[in-house]
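Peer 1: Protein sequences, first through last, are from chains E and U.
Going letter by letter, the first sequence gives residues 1 to 316 in this note's numbering.
Going letter by letter, the second sequence gives residues 1001 to 1702 in this note's numbering.
It should be emphasised that the hints constitute simulated quantities derived from the structure, not laboratory data.
Hints are supplied without guarantee of correctness; some may be wrong.
[Said to hold, decoys possible] Calculated from the model, a selection of chain U residues having no Cβ within reach of chain E, i.e. all distances over 10 Å:
no. : residue
1   : Arg1038
2   : Thr1042
3   : Pro1383
4   : Lys1621
[Stated by the list, open to error] If we take Cβ atoms under 7 Å as the criterion, some of the chain U residues that face chain E in the derived model are:
no. : residue
5   : Val1020
6   : Glu1030
7   : Ala1036
8   : Ala1043
9   : Ala1259
10  : Arg1261
11  : Gly1317
A virtual CB, placed ideally from N, CA and C, is assigned to each residue, including glycine.
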Amino acid sequence: MAKRPEPLRNQIDWGELAPLHLRARLVADGLFSGAHRSVRRGAGVEFAGHRVYVPGDELRFIDVRASMRQERVVVRQFETETERALRLVIDATTSMGFRGKDAPGAKVAFASLLAAALARVALASGDPVGLDWIGGDVTRRVPPSARSETFNRIVDTLESAKTGGDARARPDLLDEGLGVALRGARRGSAIVVFSDLLDLPDEAAESIAALGTRGRPLAVVEVLDPEEATLPYEGPIRLRAAEAGPNDVVSIQTDAPTVRAEYIANLNARATTWRDALSRHGGALVRSVTTDNPISVARDILRAIARPVDMEGSSA
Amino acid sequence: MKLLVPLGLLVALAIVGPLVAHLLRRRRPEERLFPAARLVPTAPPVARRRAHLEDRWLLAIRAIAILGLAFLAASPLVRCHQLSLDRRGGASVALALVLDDSMSMRAELPPGARRGGAKTRFELAMVAARELASSLRSGDVTTIVMAGSPARVVLAPTQEAGVVRAAIERIAREGAADRATDLDGAIGIAAAALAELPQPDRRVVVLSDLADGSGSSAPIAAPEGKAVRVETPLDALREPPPKGLDDCAVLAATPDNEAVRVKLACAMTNVGPRAIEIVLADGSTAGRVAFPPTAAPIFELVVPIDASKAAALTPEGGRARAWAKIVGAEDAIASDDRAPILGASTSPAIGVVVAEDEIVATGGAPVLERALSALQTGVPIKPLPATPDREVDLTGFAGLAIDDPAGFGPESRLALAKWVEGGGVLLVALGQRSASLPLGNAFEPFLNRPVRWEKVSGPLGVDKNKAGPLGDGVDPPPDLAPIGRATIDREDEGRYLVRAAWSNGAPLVVTRVSGQGETWFVTLPFAPDVSDLPVKPSFLALLDSFVARARDRGAGARLLVGDAWVVGPADGIEVVQLDDKGAAIGEPLPVEKIADGKRVRPGRVGAYLVTITPNGGAARKDVRAVAPAPAEVDLRSRPTAPSVATGAQSGLQRTTTELGPILALGLVLLALIELAARIARLAFGAHPEQEGAVESLPPPPP
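Using the sequences and the hints, build the whole thing.
Peer 2: Quick look at the structure:
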């Protein structure tokens, strides 16, 4: 990969996670060589209706209840050529630009690496991949495409992005990002949202969980910095939030060792809230820290969006 | 230490700066970007408290640095002074250090006079002695003389500076004693030691408070004809103790039936709430009497005690069982505020023996007996027909005055010798009969050589500078007109201390310690038809001093500090100091060998167990007390004559050490420490990456 111009490289604190092209391929190769199950489950994944049984049909597709209602043997039909698009949504608001002392890169860089790796996996399977943003500056949307140059387009877009915007102060940033994903995602499309979940509006959990309807596998990837995960500071300190709504406290004064346990409990309680909201719509929460092995995290994401789809079209 | 420009210290006001900065920092700790801030609980009180604790070291470093700057601002004005010998043309010096180890040197220094960690006068004298010793050079000769009574040489003249320093350290370790002061004697000894040395620059440096209890008596002067300079460089030693404290001391405490007679010396006009308490070994108080509102310099208090406890006063089993203590308020010297209760339960008497013809001549009681009675000392005066020749006949006498005896018979000599060894005080006036002894009589063992009698044609004067007990409170008679006087042999004179002398130097009153008692000889008889001494006030002064001595010794119960217990060369003696509970304090005191025996000279007041083993006899153990010298409670300094250089007028240099460079180096060091601390903080404590991330983030939208 050609070296990016310095100003662009400064937009995201990539740290050890750059260059994204190479890193994403390494992560994707790790996924291929591991216990990988493609997002494509093969023919018959999407239910397409009933028809009268004819000899030669597989007996496991006979719909017993429908046959009793119609008083004839019918079998379930599936859309064997249904599109299995992967829709990636990255939170690029200001808080995602944070990088702590021991982190390999900013949170948005880690999210970009995971997104690029997933894109490569999906494209290798022939599935179209699209990229959308929540907030951020100089963020371009990449429409779903399975063409060969899509990977490079996604990587270029990721590398040229800038964090920015305050989702607490401007809830429309979330609506804009999710609206595009909702409108563009067809039934069966897998949606993966990368965010720190810290500075999103209060109704974000329900809004994002709603993406999981209509048979769309949904995974929300929580990306935290190690400092956010552990609050490792010593002594008295003032902490300033990256984003703040009209009624939010911008800065607090505290004593880190004293409140550490309570903070981590708050963090876990918030994750539980998200997990509950997502599970009601068939989605899943994947928690990660930027120091985690990206291959393992990507594998968890694939596992989350590859769960079987029931007849009602929701993830089990 | 002296500040040439004290205004430079105003820079120290800048210490307010870091203090304010730290207070401000305490209010607002470091701020960090933290996206999850909304989930972090607040804890402001703990934060403020911890910020205060963490910054304390930094605040201390900065405050010290600013104080250093303040001193530098006055530079080169910060100097440390120390004494050193100045030299005329670089010539070597003959130095005699007169170190005062008397009890008054135990007094505390006022805070402004303290130097080199010294808190008492004696410690300050030791600091100065060390400084002078450190300035000795090759060729200098040094001797050390102690001014605590008796004045004595502790280091003969030597050129070895190391030996001098070792001697000073040994003296410092021993500390000040409770002795009286003999400044004149010490200066005389020091001048005599320097007189024969070849160095042209001979100096006697007196490190003393000059408080010898003589108050406003004759000023201290350099010895005439000795070609030595006398210097007293330490004015600080002569400053009064802090809080204006004076001293009171318990001189003696003697049981008297159902009471205790306590003799005290006080140098204060207002004794305040002080009182005397009789404390028994079990800690209980047997009696208490408050001081009179206005106390005489020396006075006596009778403390009634519970009859049931009277038996518990006397020593038993080699330990004192009761103590008299001054309570109620502190004074300048604490060590002399208590004394063990010792002595006979009845007041010992003074026996008087005079010749029969004298009684006939005067037609009544002899003049000696009359004079003793006239003193009204409270001590019973008992005339004796002849010198007792049995030891048992001397029991109950603290003193015995004998006028012009014709020697002593063999039995009397033996009985008197044992009585004196046991603590009696014998006063013998030598006259014409003493010079013509009958066969078998002698003065041995008190005088080994015969006494001579010589007629006197003209008046004789008493040396006013060596009047001793004859000049105690009165003017010594300048023109006595006796018809004759006795002379003792030179050999015997050498064994005695000449307390008073004729104007031609011949001894008039000589004394000698023997065992636990004393022997006094006067070379004039007390018969008024032979000498006019009995009609002079000095006669009463002499007798008063004798009675006081006899009573103070309490028939051997007590010794004045600085005096010695003396035994014969074949006898054994061991003396060990006792604490309140009768346990031995340290090792037995050293035994000195002298020409005619051995002696032990205690330097501290208190109770002692004295074990004397006569040659071939059984050991005798007695609890004895060592009492302070009454004059030592007077902490006022004697004046000095113009021949004595004092303070800055003395020829000793004050070498100075500029502290400016040292302070500058210290400041640089402090700056390096803070720099290192900051680097360490950046390397291990702060988060530069995070700070960089904060700066790279775009500003939040409006």
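Peer 1: Output the numbers, in ascending order, of every earlier hint that fails for this structure.
Peer 2: 1, 2, 5, 9, 10, 11
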